[in-house]
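S.K.: Sequence:
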Amino acid sequence: MTFHEPFSNPQESESETNCLTCINPIRKPRAMNRWSLAPRDHETREKQDLDREFAAKMNSLSLVDREIVLEELHGVKSAKRSTTSSFSSISANPRNSKKYHQSETTSSSESSAESMHPLIDAMQNLQKHLVDMKRGTAYERVEIENPAYVSNIDFRLMFLRANSFDVKATATQMIRHLDLKQSLFGKEKLTKDITLNDLDGDDRNFLEQGSLQVLPCDSAGREIFLCFKGLGAPKSLESELRVMFYIVMTMCETEEKQKKGGVKILYLVEDFKAKSNENFPKHGELFMATPMDWKGIHVCNDDYKQYLLLSTVMHLMPPKQSAKFRVHFGSHTECLYNLRSYGIGNGIIPINPKDNSPVFHHHKVWLNDRVIRDNEKEMKRLGKKSQPAEVASLAHDRASPDTQAKSLSDSSMTDAIVEIQPRPQDMLFGKEYKFHPGNARLHAIVVQHELEYDDIEGKKDKIAFVGRIVHDIQATGTRFLIFDEATKQWKLVPIKEARNKISKAIRNRRRTRES
Numbered sequence: 001m002t003f004h005e006p007f008s009n010p011q012e013s014e015s016e017t018n019c020l021t022c023i024n025p026i027r028k029p030r031a032m033n034r035w036s037l038a039p040r041d042h043e044t045r046e047k048q049d050l051d052r053e054f055a056a057k058m059n060s061l062s063l064v065d066r067e068i069v070l071e072e073l074h075g076v077k078s079a080k081r082s083t084t085s086s087f088s089s090i091s092a093n094p095r096n097s098k099k100y101h102q103s104e105t106t107s108s109s110e111s112s113a114e115s116m117h118p119l120i121d122a123m124q125n126l127q128k129h130l131v132d133m134k135r136g137t138a139y140e141r142v143e144i145e146n147p148a149y150v151s152n153i154d155f156r157l158m159f160l161r162a163n164s165f166d167v168k169a170t171a172t173q174m175i176r177h178l179d180l181k182q183s184l185f186g187k188e189k190l191t192k193d194i195t196l197n198d199l200d201g202d203d204r205n206f207l208e209q210g211s212l213q214v215l216p217c218d219s220a221g222r223e224i225f226l227c228f229k230g231l232g233a234p235k236s237l238e239s240e241l242r243v244m245f246y247i248v249m250t251m252c253e254t255e256e257k258q259k260k261g262g263v264k265i266l267y268l269v270e271d272f273k274a275k276s277n278e279n280f281p282k283h284g285e286l287f288m289a290t291p292m293d294w295k296g297i298h299v300c301n302d303d304y305k306q307y308l309l310l311s312t313v314m315h316l317m318p319p320k321q322s323a324k325f326r327v328h329f330g331s332h333t334e335c336l337y338n339l340r341s342y343g344i345g346n347g348i349i350p351i352n353p354k355d356n357s358p359v360f361h362h363h364k365v366w367l368n369d370r371v372i373r374d375n376e377k378e379m380k381r382l383g384k385k386s387q388p389a390e391v392a393s394l395a396h397d398r399a400s401p402d403t404q405a406k407s408l409s410d411s412s413m414t415d416a417i418v419e420i421q422p423r424p425q426d427m428l429f430g431k432e433y434k435f436h437p438g439n440a441r442l443h444a445i446v447v448q449h450e451l452e453y454d455d456i457e458g459k460k461d462k463i464a465f466v467g468r469i470v471h472d473i474q475a476t477g478t479r480f481l482i483f484d485e486a487t488k489q490w491k492l493v494p495i496k497e498a499r500n501k502i503s504k505a506i507r508n509r510r511r512t513r514e515s
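Per the UniProt record's numbering, the very first residue in the sequence shown carries number 1; after that it's consecutive.
It is possible that part of the hints are untrue.
To be verified - Computed spacing ranges between beta-carbons, pair by pair:
id : residue 1 : residue 2 : range
1  : ASP472    : ASN346    : 17 to 25 Å
2  : GLU253    : GLU67     : 25 to 33 Å
3  : PHE435    : HIS361    : 21 to 29 Å
4  : GLU188    : ASN439    : 45 to 53 Å
To be verified - Here are the simulated lysine-lysine pairs, PhoX-like style, with alpha carbons at most 25 Å apart:
id : residue 1 : residue 2
5  : LYS192    : LYS282
6  : LYS496    : LYS431
7  : LYS462    : LYS380
8  : LYS488    : LYS434
9  : LYS187    : LYS377
10 : LYS189    : LYS235
11 : LYS273    : LYS305
12 : LYS354    : LYS364
13 : LYS460    : LYS377
14 : LYS187    : LYS134
15 : LYS459    : LYS496
16 : LYS187    : LYS380
17 : LYS128    : LYS168
18 : LYS364    : LYS491
19 : LYS264    : LYS282
20 : LYS377    : LYS364
21 : LYS305    : LYS275
22 : LYS431    : LYS488
23 : LYS377    : LYS259
24 : LYS134    : LYS168
25 : LYS305    : LYS264
26 : LYS364    : LYS460
27 : LYS380    : LYS192
28 : LYS501    : LYS459
29 : LYS320    : LYS264
30 : LYS275    : LYS189
31 : LYS168    : LYS320
32 : LYS168    : LYS259
33 : LYS462    : LYS364
Derived from the structure by calculation, the hints contain no laboratory data. Built from N, CA and C at the ideal position, the CB exists for glycine as well.
Starting from the given sequences, assemble the full structure and let the hints guide the process.
M.R.: Shown next, in the form of structure tokens:
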């Protein structure tokens, strides 16, 4: 990007400048408020130099690589993988499905046939790298005690996708991942998915504070990891890392999430500034050890020295990494506006536009959903059948305003009063909103799931099925809203009412078909 110098000729003599200001006092430079966010002359030149260096680094990438990175960064579209993302073709042949973890050599004809499939080839090469790296690591311990865990196809695919099927990088990350997991949660939890039950009281209190959140998806359908560093302090670095580990792993727990990748935002503006930056290197180590393909990393700040430091760090990264990294300098309004060009639209960052206070509506919805999903995981692991009614009650207790108020000492972290305005994708309660775009989408979702709903026999199973539909809708950033005649304002609809609305819509469709 080319910038034009808005100042006078730098070779202009000092006497000439003084003469000009004497002749025309109006042109005398005005002293800038030292607290203003607007950069001074030397700061502007520094920013121009950084922009030129960044442009040169981007130009060092090939045209194809540059287009892929920029499209992913701006949420235009996801890059197509050259390798298949499904293992169904391998699973169809039991002999081939076991081949990748066998150390014995095969005949040249078999080897040649299997190498034709890029995914089989990737799995075989991954195993070779793991054999070379595993000595003395947590991976080696797991391979001895529970080999099925680390040889699981889905487990390995998760790391392969995160590293664009670079097998050496994948092996390195798998080793780091299990070493980190062991240090944070202990040896006994190495071979289980981490759930809320694995977090202690301090961890859960820190999670509920909202310093770390998973936001609604961006324009490309990718979940956003948000870090409000100044919002609340963890009990310890280990507690913060455990919560970070848990959150990131929830963002890559399904195949769809792994394929889409994620976006990371570090928000350091005004009251959201970090009290200290000393833990940032540990945070970086954690992100390198977790299998998430970060499509974009954004840092928002209003401290110019920090902006220069972060920009310098960005320029020291390899071109492909720095291309995904963006530093935004300015006020709340300026940073939020800049994020819009990267597919992170209005209302996604949970900040009240009136007073720039944090908002926790979506965070509570996310916590509520995690209680339900983690309970299902634990019941499945223990071989028990989850009880939707009991789980829903537990989730309500965990995420209710009363519980939140008890767990947070700072009252400013409770629900902020926000004037909600419906968006086209939101689903509105009320017959008069029948033709609202979001309601039309809801009708399409009902049509899509009505037959599957009818095939479910138990009432509790139907409730759980509709609950998952509600979660999938909310995961896209869609809200269920109702207009409160008493306050003359829109408000969020409780999950139970949203679930009832969808159930009723499906039943009405069935009556229409049968009549």
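S.K.: Go through the numbered hints given earlier and state which of them the structure violates, listing their numbers in rising order.
M.R.: 30
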